[in-house]
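Undergrad: Take these sequences, add in the hints, and give me the full structure.
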Amino acid sequence: MNGNLLFDFKIDRATKQVFITREFDASLALVWDAFTTAEILDQWVAPKPFMAQTKHMDFTVGGRRFYAMVAPDGQKRWQIQKYLSISPKTNFKFFSVFADEHENPEPLGSEWDYTFSEQNGKTTVRIIIYNESLERLEKMIEMGFTEGYKASIANLESVLAELSEK
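Take -15 as the starting number for the sequence shown in the numbering used here and just add one per residue.
One should not assume that every hint holds.
Unchecked claim - The calculated DSSO-like cross-link candidates involving lysine-lysine, where the alpha carbons are at most 30 angstroms apart (straight line), are:
1. K(-6) x K106
2. K0 x K73
3. K0 x K134
4. K123 x K66
5. K32 x K0
6. K(-6) x K60
7. K39 x K77
8. K0 x K77
9. K39 x K134
10. K(-6) x K66
11. K106 x K77
12. K106 x K150
13. K66 x K106
14. K123 x K77
15. K60 x K39
16. K(-6) x K32
17. K32 x K66
18. K134 x K66
19. K123 x K39
These are computed hints drawn from the structure, not numbers from a lab.
TA: Have a look at this one:
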């Protein structure tokens, strides 16, 4: 892990937003694939000891990813991501909402906006998460989102290092 890589994480309760900027020592194409390919997402997106299991994913505008965070005891917390826009290798947006195992969504969700750029062999990912309500943001924080996302990013670094070696 390169300790000199940018990692900025801010929560703004007034605007119900989370701002994340993270630099990776990997090519844009590889980082893009890590965020947009189910098989790679499942390797890093869940903070250990949890695992991610994608039931199905259609990375197209209007398509969806339906996946679960699986706890060590086997309990699953399902989530739907509906892709709103995709500009290959530069940006994608999705609406995210918790759901039950039958894809019935909960009432409140959040919109995620990912922007990718590459400079000098390093890729920067900027993420803005806009929550429909302060209640939704607080629930994310209460469920350990901050710590969990930081742990997931550490997982991603390991996955990117492995994929770079191939």
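Undergrad: Are the hints correct? Go through all of them and say.
TA: Cross-check of the supplied hints:
Straight-line distance between C-alpha atoms of K(-6) and K106 comes to about 22 angstroms, which keeps the hinted pair within the 30 angstroms bound. A C-alpha spacing of about 27 angstroms is found between K0 and K73, which places the hinted pair at or below 30 angstroms, so the restraint holds. For the suggested pair K0 and K134, the alpha carbons sit about 19 angstroms apart, so the restraint of at most 30 angstroms is met. Under the criterion of a C-alpha separation no larger than 30 angstroms, the hint pairing K123 with K66 is consistent with the structure, at around 20 angstroms.
Between the alpha carbons of K32 and K0 the distance comes to roughly 27 angstroms, so the proposed pair stays at or under 30 angstroms and holds. For the suggested pair K(-6) and K60, the alpha carbons sit about 28 angstroms apart, so the restraint of at most 30 angstroms is met. A threshold of 30 angstroms between alpha carbons decides the hint, and for K39 with K77 the separation of about 20 angstroms falls inside it, so the pair holds. At roughly 17 angstroms between alpha-carbon atoms, K0 and K77 fall within 30 angstroms of each other, so this suggested pair holds.
A threshold of 30 angstroms between alpha carbons decides the hint, and for K39 with K134 the separation of about 24 angstroms falls inside it, so the pair holds. Between the alpha carbons of K(-6) and K66 the distance comes to roughly 24 angstroms, so the proposed pair stays at or under 30 angstroms and holds. The suggested pairing of K106 with K77 holds, with an alpha-carbon distance near 22 angstroms, which does not exceed 30 angstroms. Simply put, K106 and K150 have alpha-carbon atoms about 18 angstroms apart, close enough for the 30 angstroms limit, and the pair holds.
Simply put, K66 and K106 have alpha-carbon atoms about 28 angstroms apart, close enough for the 30 angstroms limit, and the pair holds. With a CA separation close to 21 angstroms, the supplied pair K123 and K77 stays within the 30 angstroms bound. The hinted pair formed by K60 and K39 meets the criterion: a straight-line CA distance of about 12 angstroms does not exceed 30 angstroms. Proximity of K(-6) to K32 is assessed by CA-CA distance (about 22 angstroms); at most 30 angstroms being required, the pair is judged to hold.
Our distance criterion of 30 angstroms between C-alpha atoms is met by K32 and K66, whose separation comes to about 25 angstroms. Distance restraint check for K134 and K66: the Cα-Cα separation of roughly 23 angstroms lies within the 30 angstroms cut-off, and the hinted pair is therefore satisfied. The straight-line distance between the Cα atoms of K123 and K39 is roughly 24 angstroms, inside the 30 angstroms bound, and the hint therefore holds.
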